[in-house]
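Student: Given these sequences and hints, build the entire structure.
Per my numbering, the very first residue in the sequence shown carries number 2; after that it's consecutive.
In short, the hints are calculated from the structure, not lab data.
A quick note: this is a predicted structure, and the numbers were derived from the prediction, not measured.
There are no misleading hints in this set.
With a straight-line Cα cutoff of 20 Å, these simulated EDC-like cross-link-like pairs (lysine to aspartate or glutamate) come out:
#1 LYS55 <-> ASP45
#2 LYS49 <-> GLU68
#3 LYS46 <-> GLU68
#4 LYS22 <-> ASP47
#5 LYS22 <-> GLU51
#6 LYS22 <-> ASP45
#7 LYS22 <-> GLU52
#8 LYS49 <-> ASP21
#9 LYS46 <-> ASP72
#10 LYS55 <-> GLU68
#11 LYS75 <-> GLU8
#12 LYS55 <-> ASP21
#13 LYS22 <-> GLU68
#14 LYS75 <-> ASP45
#15 LYS46 <-> ASP21
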Amino acid sequence: MMRTGLEIGVLRLSHRIFRDKRVTMHAFLVSRAFGATCFIIHGDKDAKLEENAKRVVRNWGGSISIEYSGDWLKTVEEWRSRGSLIVHLTMYGMPVENIIGNLRGAG
Numbered sequence: 002m003m004r005t006g007l008e009i010g011v012l013r014l015s016h017r018i019f020r021d022k023r024v025t026m027h028a029f030l031v032s033r034a035f036g037a038t039c040f041i042i043h044g045d046k047d048a049k050l051e052e053n054a055k056r057v058v059r060n061w062g063g064s065i066s067i068e069y070s071g072d073w074l075k076t077v078e079e080w081r082s083r084g085s086l087i088v089h090l091t092m093y094g095m096p097v098e099n100i101i102g103n104l105r106g107a108g
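Tutor: Printed below as a string of structure tokens:
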């Protein structure tokens, strides 16, 4: 994949080991496939999930790092202080057709 100088980080909020391991791993895999440079997990510390994600990178390649954050708000504030654009994505968000113009204009 061609790099454009754009750096994409993904912060997965409120991971719960028992309930969310498949969803979080799927979010990691999609992030990796779309060229994210970091994937940060907030919520339950899940060493097995982190190791599985690192194994994917070792075996299949990519330059994405995986990290844990105990304080999601601090992570977002650090990104904002660097001038990063913060986009909150959920399964229950606004239709992308209604906001894509705002996102394109912000980048």
